[in-house]
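Here is how the chains run, residue by residue.
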Amino acid sequence: MSTLQRIAVLAGAYTRRTFLFPMNILWMLVIPIVFSLVIGAVFSSPQSGPSPAFETEQAHAYVVVESPRGREGDAEFARVRSVFGVYIVFALSALMTRGAALHIERDEGTLERVVASGVPYHEVVAAHLTSIFLVGGIQSLVFFGVTGLLGTEWFANGGLAVIPAVIATLFVGSGIAIAATGLIRSAVAIQWLSGGIPGILAMAGGAFFPLEAAPSTLQQLARINPIFWSMEALLGGFIFDGLRSQIVPLSVLLLVGILGIIIGIQGLRRMEL
Amino acid sequence: MTHPLRHIVIISRMHMRRVLFDRSSAFFLIALPLIIIAMLGIALHPLMSSEFRPAQPFKVVVAPTDADARITHVLASQPALFDVQGIDDATSARGMVLQRLADAALIIPEEFPKEPMTLIATPGTVVVEVLQRLVLRVASEEISMPNNLHAQENDPSGPAERAPWWHTDSFGYYAMAVTAMFAMLAAHTAMVMNARDRASDTFTRLRSLGVAPWTYTVAGAVTSWATGATFIAVLAAATHLLFDVHWGPLGLWAVFTLVAASTMAGLALLIMALVPGVDNAEGVGNALINVLAFFGGAMAPLHVMPEWFQSSLAWIPNRAIFSGYLKIGQQADVATIASEFTTLGAATLILFGLSWIVVAIRTRKGDS
Chain Z
10 MSTLQRIAVL
20 AGAYTRRTFL
30 FPMNILWMLV
40 IPIVFSLVIG
50 AVFSSPQSGP
60 SPAFETEQAH
70 AYVVVESPRG
80 REGDAEFARV
90 RSVFGVYIVF
100 ALSALMTRGA
110 ALHIERDEGT
120 LERVVASGVP
130 YHEVVAAHLT
140 SIFLVGGIQS
150 LVFFGVTGLL
160 GTEWFANGGL
170 AVIPAVIATL
180 FVGSGIAIAA
190 TGLIRSAVAI
200 QWLSGGIPGI
210 LAMAGGAFFP
220 LEAAPSTLQQ
230 LARINPIFWS
240 MEALLGGFIF
250 DGLRSQIVPL
260 SVLLLVGILG
270 IIIGIQGLRR
280 MEL
Chain U
33 MTHPLRHIVI
43 ISRMHMRRVL
53 FDRSSAFFLI
63 ALPLIIIAML
73 GIALHPLMSS
83 EFRPAQPFKV
93 VVAPTDADAR
103 ITHVLASQPA
113 LFDVQGIDDA
123 TSARGMVLQR
133 LADAALIIPE
143 EFPKEPMTLI
153 ATPGTVVVEV
163 LQRLVLRVAS
173 EEISMPNNLH
183 AQENDPSGPA
193 ERAPWWHTDS
203 FGYYAMAVTA
213 MFAMLAAHTA
223 MVMNARDRAS
233 DTFTRLRSLG
243 VAPWTYTVAG
253 AVTSWATGAT
263 FIAVLAAATH
273 LLFDVHWGPL
283 GLWAVFTLVA
293 ASTMAGLALL
303 IMALVPGVDN
313 AEGVGNALIN
323 VLAFFGGAMA
333 PLHVMPEWFQ
343 SSLAWIPNRA
353 IFSGYLKIGQ
363 QADVATIASE
373 FTTLGAATLI
383 LFGLSWIVVA
393 IRTRKGDS
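If you're matching them up, the sequences are chains Z and U in order. Under this note's numbering, the first residue of the first sequence carries the number 10, and numbering increases by one thereafter. Under this note's numbering, the first residue of the second sequence carries the number 33, and numbering increases by one thereafter.
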């Protein structure tokens, strides 16, 4: 069996095993979808919006709100943004948890057994890293597919408005997960962090409330937060100038993702058996 | 002390010690909520303060330059809020927003207020709401507004705005909302620990020594209640010291905390009774608590939620706890928080009653 085949077989097995645990299905798929439904219901109500008083017909007699491009699909942005925020939190959490699986294998001795059976350490690591991307990809497909079917208009402004932002978010999330795996040797510690860090990053990155209301320090800090750039990529694609508005955020996400992968791999090399 | 009562006290004390001195509990139940409170308190402080001021004034372009002078004048008179620029035509104004050179554009027709003006901005942003309010204020000064708009605009005691969260700052809001959320998690964590023991040979050994299964279940509920109450006390003290959050008079606060902890214990017990398997119950419980936390206002602030969301979910236990603490913090008397006491009392009875029924059925089936 060639190196690539071995990596593919191991990555497939790791990915399959991830989705065999009911709790993983619950936290990676069911809960994010339930949350998106709840948030979607809030933002699709005729009374939705920060100040219901202004949503009345009488209010429209004095001021009509339009998006910059004036497209009909832009009205979906509030809902799309909120559900995307939910996705980011659960995707990052799932990817970090998946990364911790390598350390669980090490703790349980499975890693040693696989290496002793003749599979080189770097191939096992490569398979785990591939599995992080696969798990994230499957989670994204299911999440966006189901929430789309349940009413979130992801493609209200065309596929290009959202797809690059999703792919870049998945990439940067995987990069962060790999970096965490390489830097932190304890599976428990990574699992702790995966329970808290994604939510905090999402809040500080403007995924749940607009940062324009936040103090300037927090606005400045957001610029070193990858989730801020994910939200910018979505905003640029959905509301502003499409791919042209997304170039900067997508580049930042790509860079952070690559950096995370490099840091993670270097860390994992130091842990070589 | 009778034997069962003694067993309950010993088991509860042991479980509480394990929860309170566990490192992951210290992180998830103390450090994490404090980080979240600090972060959201700082982030949303400008939005929730009575005098909202953005970090930088919103850049607003008004077209055309000779448009309704009142709007331009009102905008220009608030330099901390708006950086106003006039522009000749509507297309250029829209272009500036599209290129993100301005936060918003106001296209004012000659016939305003007979014809509506157009506000161009990213949907759902703060600048949209601020400008909408301003335009309506200007319009209302000029013409007679329809009754319901007048009512909403001029009466600060509308149904939503009577709610206690409108009268607190961001630190007070999140200290109490996040405490209500994490109190559920603390109670659930304690119940999970009890259930794990029941699934292990520790329980078998204790049973052989004469400890009845119901004793262990009651001990779990007691641990859950005591952990919830202790957790709330620790977080209340920490937020008072760190963020100067005022939790109100100690006596009323203490009584309310004990009632709130009972509801949390009832919820934890019902989850454990309904979901088979400790791991499953732990996961489902955590998931349910996250959803309840959203409804309770611990994630997105209730201020930005629709009015139906603010007013129709008062029966959710963590919302009642949150609301009760806010009122106590605002020096309310017992009569003012009677509805929260009633909600929590009823919820406690229902949750414990349902748990008892489920446990009884499962015991009869030999599932326990």
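Hint data in this document are derived by calculation from the structure and do not stem from the laboratory. This structure is a prediction, so every number in the text was calculated from the model and none was measured. Using N, Cα and C, we set each Cβ at its ideal position, and we do this for glycine too. The reader is advised that the hints may include incorrect statements.
As the list claims (entries may be wrong) - Only some residues are given here: those of chain Z computed to face chain U with a beta carbon under 8 Å:
| hint | residue |
| --- | --- |
| 1 | ALA17 |
| 2 | TRP36 |
| 3 | LEU38 |
| 4 | VAL72 |
| 5 | SER76 |
Status of the hints after comparison with the structure:
no. : hint  : verdict
1   : ALA17 : violated, 30 Å
2   : TRP36 : holds, 7 Å
3   : LEU38 : violated, 11 Å
4   : VAL72 : holds, 4 Å
5   : SER76 : holds, 6 Å
The structure does not agree with the numbered hints 1, 3 stated previously, though it agrees with the rest.
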